[in-house]
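A.B. asks: Residue numbers (my numbering), protein chains in the order written: chain A, 10 to 308; chain B, 10 to 308.
Some clues are possibly wrong.
Identical copies go unnamed one by one, so any copy, or any two together, can satisfy a pair.
Unchecked claim - Here are the computed lysine to aspartate or glutamate pairs in the EDC-like style, where the Cα-Cα straight-line distance is at most 20 Å:
1. Lys300 with Glu106
2. Lys27 with Asp190
3. Lys24 with Asp190
4. Lys197 with Glu304
5. Lys27 with Asp189
6. Lys197 with Glu301
7. Lys73 with Asp262
8. Lys205 with Glu182
9. Lys197 with Asp174
10. Lys27 with Glu304
11. Lys205 with Asp262
12. Lys148 with Asp165
13. Lys148 with Glu261
14. Lys197 with Glu261
15. Lys148 with Asp174
16. Lys24 with Glu106
17. Lys70 with Asp165
18. Lys300 with Asp165
No lab work stands behind these hints, which were simulated from the structure alone.
From a predicted model like this one, the values you see are computed outputs, not experimental measurements.
2 protein chains.
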Amino acid sequence: MSVLIVGSTALDSIKTPKAENPRLLGGSASHAAVAASFFSPVKLVGVVGEDFPKRYLQLYKRHKIALEGLQVLPGKTFHWSGEYEVNMNNRRTLLTELGVFEAFSPELPAAYQTTPFVLLANIAPALQHHVLDQMRRPKFVVADTMDLWLNIALGDLLKLLKRLDGFVLNDSEARQLTNDDNVFTALKKIHKLGPKYVVIKQGSHGSILSGPRGLFLCPAYPLRAVVDPTGAGDSFVGGMMGCLAAAKGSVEDNIRRAMLYGSVVASFCCEGFGLQRTARLQPAQIEQRVKELREMTRV
Amino acid sequence: MSVLIVGSTALDSIKTPKAENPRLLGGSASHAAVAASFFSPVKLVGVVGEDFPKRYLQLYKRHKIALEGLQVLPGKTFHWSGEYEVNMNNRRTLLTELGVFEAFSPELPAAYQTTPFVLLANIAPALQHHVLDQMRRPKFVVADTMDLWLNIALGDLLKLLKRLDGFVLNDSEARQLTNDDNVFTALKKIHKLGPKYVVIKQGSHGSILSGPRGLFLCPAYPLRAVVDPTGAGDSFVGGMMGCLAAAKGSVEDNIRRAMLYGSVVASFCCEGFGLQRTARLQPAQIEQRVKELREMTRV
């Protein structure tokens, strides 16, 4: 089955202590879509400006990502610039130019409206609602978010939570949303807001799923060097959704394995700037790391 | 087989945002010994003053901990007082009264010198050396440490590392020792200092073993409330060593399972002040949590 992915499609200028890379392909939907493409057909919904490099369109196409839902509008592509500190954990935004993203309204081609798996990658909750309004009985809907929306669009986000099957957020966002320092009691509080599945991402410490069959502690793949963590969370959830869409059987039966695959794709994402490492990933390399990760958690 | 455990035996006065408990049974050796006692016979080596409450001696005895190596000297028992912040992660020391601990020299009864498993719990590296000097061909020697010794006794500690089979430290100590932010490259550097097995403790994020069969990512048991984390690391390594001493077969075959048991005992430790929860722990409760933890990591 296929996955519809809506989110930001951007140009990222990223500075780390070791290097500086301008105008990389970035955005939540780009990372999630490429990650999902290793497992399932992907339909991308987003917006770019006339300055969007052709080579990035070709990158999407090489991953067989359907682009009928990618609007190209007069103006500039969303441009984000950020800088990481030495430990690669803290980053600060240097610049945000919304460009064509400012007036973005995701409109779904008719053929997209029956896609079974829907990933509402990080984007304003109002736009995530707008996508769901156009969908016809999707099988499994997951949303990601960011601290910005907790700050400026909490009402929209809380309404969205009632429309989701799964919600993915990081640990600091979970603390902010629930006002709870404990990740396990925070999970319980988030379930009460709507979603049956809640995943809390903890970066290099992996992620935690809470669902009908209880908790799953998903490990992160050990990395000896992190080049650029931008997009790792998007890659994780994209890989997870792609894997779920490809699997036979129920979501409940497959979600743990799907998270493991998502975790592995995210690990590759961290090993290159932007999508540079992920984009040249081979399926056998994913399988190899999944195998290693299973071995590292086997008692 | 049995475990010899040397370390501090102390009275801990602990303040958390919710409660204050004076003069609890504490110290690295107390926590490690009680944790190990659920699996194997334990021989404790330490020192207390004449003020050491009889009920704490009885607590050791209830856990069948051999006390021939526990010196009772004129003067006061080592007393530590600390306070935890709201999130229970950061703590600050309010008071340290060394008392009889200041002149402590661990002397091993002759019968102790052939104990197969040796845990050098957190204590000055010079004293850890002194214990090893008295041992005759132990099967498996593990040491724990703390930031204090990295600051004031690094030379002794580096020499100790060459005498160990296993070394256990937490992530901030690993960073300090190796000057490396990445836990996986830090592990490689610590191996080069001597130990075949290195375990880095990451608190609520579990622990990581690096050994001859590669990495093992050991989960922490999910806790919805932490009452007092003091001694959790000592309980972890104590439980691990007790479990290893009890198991048939090689350390390599058993260490992953032993870490899981250590992790579970540490989780109980966090659920009471000092040793209050651990001391009334039943073996069936340990087995139950180990089973749950395995379920939570099963893909």
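A.B. asks: Hint by hint, note whether the structure agrees.
C.D. replies: Each hint, compared with the structure:
1. Proximity of Lys300 and Glu106 under a CA criterion of 20 Å is satisfied in neither setting, with 41 Å inside one chain copy and 51 Å between copies.
2. Within a single copy, Lys27 and Asp190 get their C-alpha atoms only as close as 33 Å, which misses the 20 Å cut-off; across copies the closest is 15 Å, which meets it.
3. For the homomeric pair Lys24 and Asp190, the shortest alpha-carbon distance between copies (19 Å) is at most 20 Å, but the shortest distance inside one copy (31 Å) is not.
4. Taking the shortest Cα distances, Lys197 and Glu304 sit within 20 Å of each other only across copies (19 Å), while inside one copy they are farther apart (30 Å).
5. In this assembly of identical chains, the alpha carbons of Lys27 and Asp189 lie at most 20 Å apart only when taken from different copies (16 Å versus 36 Å within one copy).
6. For the identical chains of this complex, Lys197 and Glu301 are inter-copy neighbours only, at 18 Å across copies versus 31 Å inside a copy, given an alpha-carbon limit of 20 Å.
7. For the homomeric pair Lys73 and Asp262, neither the shortest alpha-carbon distance inside one copy (27 Å) nor that between copies (46 Å) is at most 20 Å.
8. In this homomeric assembly, Lys205 and Glu182 come within 20 Å of each other (Cα to Cα) only inside a single copy, at 18 Å, whereas the closest approach across copies is 39 Å.
9. For the homomeric pair Lys197 and Asp174, the shortest alpha-carbon distance inside one copy (15 Å) is at most 20 Å, but the shortest distance between copies (42 Å) is not.
10. For the homomeric pair Lys27 and Glu304, neither the shortest alpha-carbon distance inside one copy (32 Å) nor that between copies (41 Å) is at most 20 Å.
11. Proximity of Lys205 and Asp262 under a CA criterion of 20 Å is satisfied intra-copy only: 14 Å inside one chain copy versus 39 Å between copies.
12. Taking the closest pair of Cα atoms, Lys148 and Asp165 never come within 20 Å of each other, the shortest separation being 22 Å inside a single copy and 62 Å across copies.
13. Within a single copy, Lys148 and Glu261 get their C-alpha atoms as close as 13 Å, which meets the 20 Å cut-off; across copies the closest is 46 Å, which misses it.
14. Taking CA atoms no more than 20 Å apart as the test, Lys197 paired with Glu261 passes inside one copy only; the shortest distance there is 18 Å, against 38 Å between copies.
15. Taking identical chains as interchangeable, the C-alpha atoms of Lys148 and Asp174 lie at most 20 Å apart only when both belong to the same chain, with a minimum of 9 Å there against 53 Å between chains.
16. Taking identical chains as interchangeable, the C-alpha atoms of Lys24 and Glu106 lie at most 20 Å apart only when both belong to the same chain, with a minimum of 17 Å there against 49 Å between chains.
17. In this homomeric assembly, Lys70 and Asp165 never come within 20 Å of each other (Cα to Cα): the closest approach is 33 Å inside a single copy and 60 Å across copies.
18. In this assembly of identical chains, the alpha carbons of Lys300 and Asp165 never lie at most 20 Å apart, being 40 Å within a copy and 40 Å across copies at closest.
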